Amino acid sequence: MSAPNKSYDPVEVEALKPEVVEQARDEAIAAFAAAADLDELKQAKVAHTGDRSPLSLANREIGALPPQAKAAAGKLIGQARGAVNQALAKRQTELEAERDARVLVEEAVDVTLPYGRVPRGARHPLTTLAERIEDTFVAMGYQVASGPEVEAEWLNFDALNLHADHPARSMQDTFFVEAPDGTADSGMVLRTQTSPVQIRAMLAGEPPLYAVSPGRVYRTDELDATHTPVFRQVEAIAVDEGLTFGHLKGTIEVLVEKLIGGGLELRWRPSYFPFTEPSAEIDLQCFVCRGASVGNPDRPCRTCSSEGWIELGGCGVVNPRVLVAAGIDPNRYSGFAFGLGLERILMNRHNVADMRDMVEGDVRFTLPFGMEI
Amino acid sequence: MRVPLSWLREYVDLPAGETGRDVAARLVRAGLEVETVEQLGTDIKGPLVVGEVLSIEELPGFKKPIRHCFVNVGAANGTGEPQEIVCGATNFQVGDKVVVILPGGVLPGPFPISARQTYGHTSAGMICSARELGMGDDHNGIIVLPPEYEAGTDAIELLQLVDEVLDIAVTPDRGYCLSMRGVAREAAAAYGLPLADPALLDVPPANSYGYLVKVADPVGCDRFVARTVTGVNPGAQSPIWLQRRLQKSGIRPISLAVDITNYVMLEVGQPLHAYDRERVDGPIQVRRAAEGETLTTLDGVKRKLSAEDLLICDNSGPIGLAGVMGGATTEILEPVTDPETGVVTGTTEIIVEAAHFEPVAIARSAKRHKLPSEASKRFERGVDPEAARAAAQRAVDLLVLIAGGTAEAGVTDIAAPRPVRTIAIDAGLPDRVAGAEYGRETVTRRLQEVGCSVVGADVLEVTPPSWRPDLTDPYDLVEEVVRLEGYDNVPARMPVVPPGRGLSEAQRFHRRVGVALAGAGYVEINAYPFVGEAAFDGLGLDADDARRRTVKLVNPLNDAEPALRTTLLPGLLGALRRNVGRGNTDLALFETGTVFLPKAEPKVAPRLPVDRRPTEEQLAELNAALPDQPRRVAVALTGERLPSGWWGKGAPSGWADAIEAARTVAAAAGVELTVRQAQYAPWHPGRCAELLVGEVVVGHAGELHPRVVKALHLPERTSAMELDLDLVFEDGRRVSGPPVSAYPVATQDVALIVDAGVHAADVESALREGAGELLESLRLFDVFTGEQAGAGRKSLAYTLRFRAADRTLTADEASAARESAVAVAAERTGAVLRGA
Ligand SMILES: [Zn+2]
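These protein sequence lines are chains A and B, in that order. Numbering follows the working numbering, in which position 94 of the first sequence is assigned residue number 94; successive positions increment by one, without gaps. Numbering follows the working numbering, in which position 581 of the second sequence is assigned residue number 581; successive positions increment by one, without gaps.
Quick caveat, the hints were computed from the structure, so don't treat them as lab data. On a predicted model such as this, the values are computed, not experimentally measured, just so you know. Even glycine gets a Cβ: it sits at the ideal position worked out from N, Cα and C. Among these hints, one or two may not hold up.
[As the list claims (entries may be wrong)] What follows is a list of derived Cβ distance ranges for each label pair:
no.: 1; chain 1: A; residue 1: 290; chain 2: B; residue 2: 116; range: 46 to 52 Å
no.: 2; chain 1: B; residue 1: 630; chain 2: A; residue 2: 371; range: 22 to 28 Å
no.: 3; chain 1: B; residue 1: 512; chain 2: A; residue 2: 181; range: 42 to 48 Å
no.: 4; chain 1: B; residue 1: 583; chain 2: A; residue 2: 224; range: 46 to 52 Å
no.: 5; chain 1: A; residue 1: 371; chain 2: B; residue 2: 815; range: 43 to 49 Å
no.: 6; chain 1: B; residue 1: 583; chain 2: A; residue 2: 221; range: 39 to 45 Å
no.: 7; chain 1: B; residue 1: 542; chain 2: A; residue 2: 225; range: 38 to 44 Å
no.: 8; chain 1: B; residue 1: 169; chain 2: A; residue 2: 290; range: 21 to 27 Å
no.: 9; chain 1: B; residue 1: 290; chain 2: A; residue 2: 221; range: 34 to 40 Å
no.: 10; chain 1: A; residue 1: 181; chain 2: B; residue 2: 299; range: 29 to 35 Å
no.: 11; chain 1: A; residue 1: 103; chain 2: B; residue 2: 799; range: 33 to 39 Å
no.: 12; chain 1: B; residue 1: 784; chain 2: A; residue 2: 371; range: 37 to 43 Å
For reference, chain A alone in the conformation it holds in the complex (with noise of 0.2 Å):
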């Protein structure tokens, strides 16, 4: 390096003469250019970046310069200076994006590979049915009662307006639960319906009463397709002041509509309850064949049998006499029931064939429901 002299002449100096510069700047470019890898690259870089490069070794001369002359001589080294950087980076750049890419490819996998490492569970679809309508109460206002399996005649029956000798109470084939002295006067049956949950409901509080209650029954009935001496209801009673049948209509279309679909008509059979009056079937329209297949051979329905309709459970406004085995004044208050058969429901709305199904806890049938229906 020269060293600073007032008389040194900046023309004279051979590297800083504008066509060795831009002659250097070229082959920097140039070199970089011609690089084939990022190793390449790297040579290049230093052959013209580095501390022995023309380049630098040409700035090195700008301070031995005057004063006068070191401004243009160092807007010179520096744009030259400039370019080259630039190209460096964009080289850089051009040659790091393929070597990204060639061994990116080459670390490719087949992500088509089954992977089932962590097993999945599933909650049973019964469950979750039981939830959804619950869910859909809830949404209402409702409160979610339970009560015993193992139940009270008295709450089982006759507090529902079936006395011992009711008809109604030979219809429905019931689990007597041993007494003491053997015999089958404990008092006490497997619950044949939800129902006594209605009393336990309306017993624990004044009206209004808003309450749903799912849960299992029982009934002496063989396991076959479509019987199970263990199955499941959904219960829904409604207490207060000035409901109606009309109401109990409105609620079973609001549920309908949540846990089947909109569109379906509802059919409203009269039929008999002891603990209702009036008391209804309800049957809805099937969602298969919407009735297309009632005579008419030629268009079976599985899912309504070519009835056209599927039943889906009972209802009706609570008979006055059960308000009053409940402490509840039938001149105050009125209320609706309903009882819907989930196993029904979960044939319909989800194409089971076959009631054993449900029973047998075989995992291939419930894994596929996962963790909500």
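Since chain A is already given, all that's left is putting chain B with the ligand on it; use the hints.
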């Protein structure tokens, strides 16, 4: 109740084009459960005609009798020539009128008929039996018609083969619909047409010279009508129309007298009984049975009677179980034909009984003797006591008409006074109950349609008809109005429900348990709760194990499983085994549900009054009698918990997974679970954990005992857990958000040697206590036994992470905490630092 449409039309002039389905739809909306509409005769095609047998040639040499006949079928075969037919039946003679199907016809099957060669002759048609025509299950050969029908007459019409039958499931409140009269009344109301009431007959008034009847129990029998017909031709047979109506209604024709009583029962709903007067000894008496009395009923069974049974008796003793079944000694005799003279002998004098019995008495007798009969079914549901006279009259008329008898002038009619039942109903009640606007006029009209008499304006005084014993209070009347106006026409509205409080904490918890276990890979099952001793034996429970004390059922489905479960394991392990048997070998199952634990001193649950609210004491007594029914959760595992695959080896399930499932449940409850070594059936004595919340044992988990595995045919190393959800759940729990320090962590490892019998849980709690509050977390990352640990010893290696809330810890601070931890562990568990 099977209702032939052709018969129904006799009482209601239904529109001509109305099909069975149309009628069914109307009845369904009025509340009759029409289960099916059967189409009769749609599969029969004529020519089917009356034939007169002209000649019979027995063909010998075949395994069974074969007859070669010529039959006059009039002009039905187009030629008028006798029809040549080969027939295998033998119950007919030359001159008999039979039913012939000619070539071109089709019998149900379908079975097309054509002329063919058989047994060496041409057979151009077939002589038909009732069964072949789909009329019934009669096996008595071919039909022999009464002689009055002319050969060539169309038999499809004659035998009324084409019809529709509505099969109606009658609910217990609608006893009157167990009759044509009742169904016709509903049809008339549904169509707005008049009813031709078959019980509107001219009946002579009661008099003193009818058959003597004494009713000793006017409560059990409040009506007894007896009529007598003499000069009955014992050989008379039921005409075709009567037989056909019975057949279509599902009742087999038997003999004229029986057929007539059945027919009248179907028509007006009044069960009748016919006695052979010559076999009845003295006056008829109605009384309760004496203990020890017996009666041989019509079905030939000798029955021991109970003091509650209501009896029909004569001087000889019981001759019938009232309203259920008659006795053998006084029944109408089977007619016998003298082969020499052709004279038919049998019953010629008949007493017809039309009585009304108390429903409960009949229901109990029918139940006690396991004799549900057509009669008892009707009495249980309530029979119209005012129809007794008409029913008896109808039977008498038919006996006179068909059997050539003479009605005696005596009319016995014993009637206990019957209070007039009137119901006062606010005329606006139906509107208020339904939420519709009917108005008083509609209410009155509808009540009149069901047979009530109605007077009054704002409050209606309603007298229900005699055939509706089910109408007893205002709501019964409301139901009649609303159903006849149509449930479909009630406007649907939503009630205004007060704001709800959502699910309770316990309900949320129960859901969370299911979600957490399913999220951990468990599949939910629902097993039946029925168990037997074998289940407990399989679990290896001691003879005095508390779980063997069960709530038992009187009438279990399976006698080997008479009890209710006291543990979820039998059902859950059964499901596990079933799955394994079906090839599902890697399993993690769970169930939540109640178990049934009998009270220490089982009691009887009282039957409380229903006319008012029971007292709190009564309810407490009732609830105290119920078994405890806590809610449990259980899991069972076998096979691989984490499957092997291309990613590497998986992990077999085992005792640790079962215990972890309990921790999953505890986490869902937000409580801390303590695990303690224990020995408890059915678990492996060395691999069983007792699960505690605080000091309360809430359940057990671990690997099952190998003997249990073997006894229950489970895969080896099957693991299970069961705990009580009610004990785990604590209401009102709320997590406090922990402070999170941003200062760096100081990690220190420590390896301790302890006796093999020392529990890791004890070492861990000692370390935690010794480390103090700088300890953020502690993890056991290695356990080994063997030479390096020393005989009877094991090595436990932990990572301790220290962190302060307010500063960066120095290395010295962290080391001091570690040393303190080790010191406490050493003191409590004898642990020594490895290599120390
Ligand atoms: Zn359908």
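Item checked: Structure versus earlier hints - violations, ascending order -> 4 and 6
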